[in-house]
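Enquirer: Please put together the full structure from these sequences, using the hints given.
Residues 383 to 686, numbered by the working numbering, are exactly what the sequence shown covers, in order.
Hints are all accurate, no fakes.
Below, in silico cross-link-like pairs of lysine to any residue (SDA-like), each with a Cα-Cα straight-line distance of 20 Å or less:
| id | residue 1 | residue 2 |
| --- | --- | --- |
| 1 | Lys596 | Ala581 |
| 2 | Lys655 | Ile636 |
| 3 | Lys562 | Gly442 |
In case anyone wonders, no lab produced these hints; they're calculated from the structure.
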Amino acid sequence: MQRAKVSGKELPGSNHNRLYLVILSVLFILTLPVKGAGQVSFSEIQALEYSTPNEVIPYGAGEYQFAEYWHPGTSEPALVILIHGGCWSNEYGLDHIRALASKLKGSGYAVWSTEYRRVGDAGGGWPGTFEDIADSLNYTDKLSNINQHAKFVMGHSAGGHLALWVAAAGHLPLESPLGKRMKTQIQGAIGLAPIADLAAYSLGDNSCEVVTEKLMGGSAIDLAERYALGSPSALLPSIDSILIHGEGDTIVNISQSQRYAASSSRASIIPLKGLGHFDMINPEGPVFDRIIEALVRLKPEATK
383 MQRAKVSGKE
393 LPGSNHNRLY
403 LVILSVLFIL
413 TLPVKGAGQV
423 SFSEIQALEY
433 STPNEVIPYG
443 AGEYQFAEYW
453 HPGTSEPALV
463 ILIHGGCWSN
473 EYGLDHIRAL
483 ASKLKGSGYA
493 VWSTEYRRVG
503 DAGGGWPGTF
513 EDIADSLNYT
523 DKLSNINQHA
533 KFVMGHSAGG
543 HLALWVAAAG
553 HLPLESPLGK
563 RMKTQIQGAI
573 GLAPIADLAA
583 YSLGDNSCEV
593 VTEKLMGGSA
603 IDLAERYALG
613 SPSALLPSID
623 SILIHGEGDT
633 IVNISQSQRY
643 AASSSRASII
653 PLKGLGHFDM
663 INPEGPVFDR
673 IIEALVRLKP
683 EATK
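Expert: See below:
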């Protein structure tokens with residue numbers, strides 16, 4: 383940002399005026415929505431290099447019902463089911479999470495990175511987005527040469543919401559369509575800057591928060607029963623869940639994870655000082671080691 387210029391003759395009492403202008407400039411700068419020091423941006427995540435997946439596998443007949451599958455080439459590795467974020471909007475796809483998937487493969491994990499119908503896609507939102515996640519996870523039962531007893535779901539941001547929803551699916555009413563739909567067994571969940579409480583998140587006004595009502599088809603007041611079936615905070619986890627969240631996150635406030643972790647003995651949080659929203663999916667940053675540690679904590683005997 384260029385410094386402000388004052389034209390014309392020097393004002394009387396110039397020292398006082400200079401001090402006044404400096405104070406005004408500092409106050410103005412402090413109000414700017416700047417990215418925290420050391421935090422990566424979305425464009426930096428998009429620019430990261432990645433390896434191509436071994437396969438692209440459809441789990442349904444729809445255009446967005448597919449997953450990119452990475453396999454490390456070892457015998458029966460643990461599987462990470464990866465759910466990308468992007469405010470549940472079809473403006474964002476799984477491309478930006480490929481670098482993280484590649485790094486996980488390089489660390490010895492098979493990775494099922496799923497696409498799904500989002501807000502803006504035909505059938506996206508409630509219940510189609512949730513149905514796609516259930517169907518995608520169920521399909522992983524068909525994968526060969528993975529450890530079917532070491533399957534973990536991990537998601538970022540809006541994908542973190544869906545990962546925690548999977549972790550809570552055991553508490554869905556068995557007679558509900560979604561309760562009947564989820565069949566696969568998952569051993570643990572990781573939420574990376576996850577949206578855990580849809581009702582609370584829908585009250586905000588940032589560009590991601592305002593999509594919540596579009597996902598659910600209305601407000602939490604008008605659709606209380608629907609939110610109770612779609613919000614992790616209303617269901618609570620039925621499997622162990624670890625939440626990793628940067629304290630400098632301005633898209634999903636860390637209070638989302640803090641409240642969720644405090645609400646259940648099956649959930650815990652790893653707060654990371656100074657880190658922001660997209661640091662959570664930067665495989666070249668400090669969070670990746672925390673992800674590996676979380677996977678080992680969830681089922682040590684399966685991930686060694």
